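Counting from 1, one number per residue, gives the positions in the sequence shown under UniProt numbering.
Keep in mind the hints are simulated off the structure, nothing from the lab.
Predicted model only: the values in this text are computed from it and were never measured.
Check each hint, because a few of them may be wrong.
[What the hints assert, rightly or not] SDA-like mimics (lysine to any residue), calculated; alpha carbons at most 25 Å apart, straight line:
(1) Lys272 <-> Arg9
(2) Lys227 <-> Lys275
(3) Lys237 <-> Leu247
(4) Lys57 <-> Ile112
(5) Lys57 <-> Ile25
(6) Lys227 <-> Ile244
(7) Lys275 <-> Leu247
(8) Lys207 <-> Tyr253
(9) Lys227 <-> Tyr246
(10) Lys272 <-> Arg97
(11) Lys93 <-> Gln196
(12) Lys275 <-> Phe28
(13) Lys207 <-> Gln235
(14) Lys227 <-> Phe120
(15) Lys59 <-> Leu160
(16) Lys207 <-> Phe257
(17) Lys59 <-> Leu40
[Unchecked claim] Label pairs and their in silico Cβ distance ranges:
(18) Tyr55 <-> Lys237: 28 to 36 Å
(19) Phe114 <-> Thr225: 23 to 31 Å
(20) Arg91 <-> Pro117: 31 to 39 Å
(21) Phe109 <-> Arg276: 31 to 39 Å
(22) Arg9 <-> Phe120: 23 to 31 Å
(23) Thr225 <-> Arg87: 45 to 53 Å
(24) Pro117 <-> Phe28: 20 to 28 Å
Beta carbons are placed, not taken as given, at the ideal position from N, Cα and C, and that holds for glycine.
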Amino acid sequence: MNVLTFAQRTYNRRACSLYLSIASICDFIHLNSGPLTNILQYGFHYDWTINSNTYCKLKSYISFVFTVISATLTAIASIDRYILSSRNTNRWKFSTRSIAVRCILFTIFFWIFFSIPIAFCYTRYNHSSHNEQLICSNVSQHMPCHIIQIIYTCIFNGFLPPVIMIYFGLLTCTNARNLRRRSLTDSARLRQINYQLTLMLILQTVKSSFASLPFAIFNCYLLATIKLDKSLILQAKENLVNQIVYLLFWSNYTSFFVYIYSSDIFRHQCMKAMKRLVCCSCNGKKRRYYHRPGLKHLNTTAHIFDTKYKPAQIL
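Model the full structure from these sequences, guided by the hints.
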């Protein structure tokens, strides 16, 4: 629904909506590819990738790439909101669709190549906290993989995106009144759209902070204590906290509800997109054709008044 709504005419020419739309596509791919094998393994006890380290490495790489691309584009969208709220009009030229396309392409290719080390550190091993089941994870036994886990999981996918969004969100809040002062350059409708996009990003920043920061902090704790001997009680407590922060991290993928709550324009465009989908499907099913020997199939509304035959002859 994010993708369909941001594709509407109201949003499709704005750089911020393009960032959020591509981020939603990345979230969609990640949600429907990465967790699938986990659901089969832990929910239905069916592991069709058993003893497949290649799939483990590929799955971990793809999951991280799409996650970090989505987080990066959302952070860039918050920077875009700050640029538009700035009093310096020279900065507004960086908030264009062409600049957004370049930033998106650079972000995608950068993380595709920069995330390659992730694939070398993930493997399948018997985990004591999961009843000795084979799980796909970074064991971090070697120092290079330990450093990679800290840099990629804790910093790039944990601390950095929400910190950037908080910083530029605060700057945008201080400049938010400027969005209502552009009477000479923007129409009232355009100012309202920009203002509500900014509000959507600010609420998204608050949600991402509560979702990502606990995840990053707990992963740093696990990496710092990975070589310590832990009792079964301590491991059980860690598993409980791990499930809590992991579920909080998954709330990053609920941006649609934040946008629906914070923007009446987004709600209106969302309903408009749904109506178009319903109308297109209904029109496809309700097409009626009439047949007359020697003539092609004719649509009732398109040909009755254009053909040289009378309606009675066609019928």
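Structure-based check of all given hints:
1. Lys272 <-> Arg9: Given that 25 Å is the threshold and the Cα spacing comes to 11 Å, the pair holds.
2. Lys227 <-> Lys275: violated (56 Å)
3. Lys237 <-> Leu247: Satisfied, since the Cα-Cα distance of roughly 16 Å is no more than 25 Å.
4. Lys57 <-> Ile112: holds (14 Å)
5. Lys57 <-> Ile25: holds (22 Å)
6. Lys227 <-> Ile244: holds (23 Å)
7. Lys275 <-> Leu247: violated (33 Å)
8. Lys207 <-> Tyr253: holds (10 Å)
9. Lys227 <-> Tyr246: holds (22 Å)
10. Lys272 <-> Arg97: This hinted pair holds, its Cα atoms lying about 23 Å apart.
11. Lys93 <-> Gln196: holds (20 Å)
12. Lys275 <-> Phe28: Holds. Lysine 275 to phenylalanine 28 sits at ~22 Å (cutoff 25 Å).
13. Lys207 <-> Gln235: violated (28 Å)
14. Lys227 <-> Phe120: holds (21 Å)
15. Lys59 <-> Leu160: holds (23 Å)
16. Lys207 <-> Phe257: Since the Cα atoms of lysine 207 and phenylalanine 257 sit roughly 11 Å apart, the hinted pair holds (cutoff 25 Å).
17. Lys59 <-> Leu40: Distance ~14 Å between lysine 59 and leucine 40 Cα, so the pair holds.
18. Tyr55 <-> Lys237: 28 to 36 Å: Holds, at about 31 Å.
19. Phe114 <-> Thr225: 23 to 31 Å: holds (28 Å)
20. Arg91 <-> Pro117: 31 to 39 Å: At roughly 35 Å between Cβ atoms, proline 117 and arginine 91 fall inside 31 to 39 Å, so the hint holds.
21. Phe109 <-> Arg276: 31 to 39 Å: Given a distance of about 33 Å, which is inside 31 to 39 Å, the answer is holds.
22. Arg9 <-> Phe120: 23 to 31 Å: violated (46 Å)
23. Thr225 <-> Arg87: 45 to 53 Å: holds (48 Å)
24. Pro117 <-> Phe28: 20 to 28 Å: Once the Cβ atoms are compared, 26 Å apart, the range 20 to 28 Å for phenylalanine 28 and proline 117 holds.
Checked against the numbered hints listed earlier, the structure breaks hints 2, 7, 13 and 22; every other hint is satisfied.
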